[in-house]
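Given these sequences and hints, build the entire structure.
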Amino acid sequence: MSTPTDPQHVARDGLLVVDKPQGWTSHQVVARVRRLLGTKKVGHAGTLDPMATGVLLVGADRATRLLGHLAGHDKTYTATIRLGQATVTDDAEGEVTAAIGAAGVDEAMVRDAVGAFVGPISQVPSAVSAIKVDGRRAYAMVRAGEDVQLAARRVVVDRFDVLGVRPGVAADDAATPVLDVDVVVDCSSGTYIRALARDLGAALGCGGHLTALRRTRIGAFGLDLVGLDAEGLVGDSAPVLLTPADVARRAFPTIEVDAEVAREIGYGRSLALSVPADPTALVAGDSLLALYRPGEDGRAHPVAVLAPASC
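All residue numbers in the sequence shown are consecutive under the working numbering, ending with 312.
One thing to keep in mind: the hints can contain errors.
Using C-beta positions, here's what the derived DEER-type ranges look like [to be verified]:
hint : residue 1 : residue 2 : range
1    : S271      : V89       : 48 to 54 Å
2    : T40       : V89       : 36 to 42 Å
3    : Q29       : K133      : 18 to 24 Å
4    : A104      : V134      : 34 to 40 Å
Straight-line distance between alpha carbons at most 25 Å, and here's what the computed DMTMM-like set of lysine to aspartate or glutamate pairs gives [as the list claims (entries may be wrong)]:
hint : residue 1 : residue 2
5    : K133      : D183
6    : K133      : E147
7    : K41       : D230
8    : K42       : D230
9    : K41       : D14
10   : K133      : D200
11   : K41       : D247
12   : K133      : D75
13   : K42       : D237
14   : K41       : D237
15   : K42       : D247
16   : K41       : E232
17   : K42       : D62
18   : K42       : D287
19   : K133      : E108
20   : K133      : D113
21   : K133      : E96
22   : K42       : E232
23   : K41       : D75
These are computed hints drawn from the structure, not numbers from a lab.
For every residue, glycine included, the Cβ atom is placed at its ideal position computed from N, Cα and C.
Structure follows, in structure tokens:
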């Protein structure tokens, strides 16, 4: 990523895997990518908190049509959970609400406790989240001093592995004994790692919160595909985008179509075609034409058409 950015020659149509650094908001990343690519049509799939680092999927131009379909894919995180203290935000940025300490907690107890959080679980999201309550963001209500009660939702945690347990140092009170637990989590979209930290601490009777979080994967897109990192965000290097067709082949079932079918797709018509999933990508060579879904009438129906009507 050493080539200076020239908005006249940089590819603007595709997906960018960003390794978001700590301290950046997802909105700030999108704004920076707009400037680097010289286009206003940029969005992201799956917000990361400023404290968190790692994979943020950013789409430009036509690829923004894919973001909603990518955001729902499963995810992998590495994280550090501090046991012995609870905070109002369930992470290290919030005020400590309880400092019970983890003096009576050992590694065996931690490893045993995480098992209860594997599989389909009912999880109450962290109150400091972007979920709307009566039209208002929950995090805004919490910061305004309001009591926020969110409903539990069903999520799936496929893996919650303890990588290590070590003594930690409490941020506000060095006398409080705390344990730092390094974990890796594979989970469904909508799972809050902060809530896992909170609930693990509650299960152990000592309180818990998140001190570090890194997203390493969304679906088929991991850190091995990073096209923009911390250095690129503050510099003027050209981001490396994945083409919409490459994205589709990685993320969705894919069907190659001929020129005749491509013309029908360009007009957004339903097709006498059997597609295996919602969505299924229809491609012609190196071009992603559209996403289609199976219909009850046995035909395939458009979900998102990217091809022009003149194709």
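We went through each hint and held it up to the structure:
| no. | hint | verdict |
| --- | --- | --- |
| 1 | S271 <-> V89: 48 to 54 Å | holds, 51 Å |
| 2 | T40 <-> V89: 36 to 42 Å | holds, 39 Å |
| 3 | Q29 <-> K133: 18 to 24 Å | holds, 22 Å |
| 4 | A104 <-> V134: 34 to 40 Å | holds, 37 Å |
| 5 | K133 <-> D183 | violated, 31 Å |
| 6 | K133 <-> E147 | holds, 14 Å |
| 7 | K41 <-> D230 | holds, 20 Å |
| 8 | K42 <-> D230 | holds, 20 Å |
| 9 | K41 <-> D14 | holds, 12 Å |
| 10 | K133 <-> D200 | holds, 22 Å |
| 11 | K41 <-> D247 | holds, 22 Å |
| 12 | K133 <-> D75 | holds, 22 Å |
| 13 | K42 <-> D237 | holds, 19 Å |
| 14 | K41 <-> D237 | holds, 17 Å |
| 15 | K42 <-> D247 | holds, 20 Å |
| 16 | K41 <-> E232 | holds, 22 Å |
| 17 | K42 <-> D62 | holds, 5 Å |
| 18 | K42 <-> D287 | holds, 22 Å |
| 19 | K133 <-> E108 | violated, 37 Å |
| 20 | K133 <-> D113 | violated, 34 Å |
| 21 | K133 <-> E96 | holds, 22 Å |
| 22 | K42 <-> E232 | holds, 23 Å |
| 23 | K41 <-> D75 | violated, 28 Å |
Figure legend: structure checked against the earlier numbered hints; hints not met, in rising order: 5, 19, 20 and 23.
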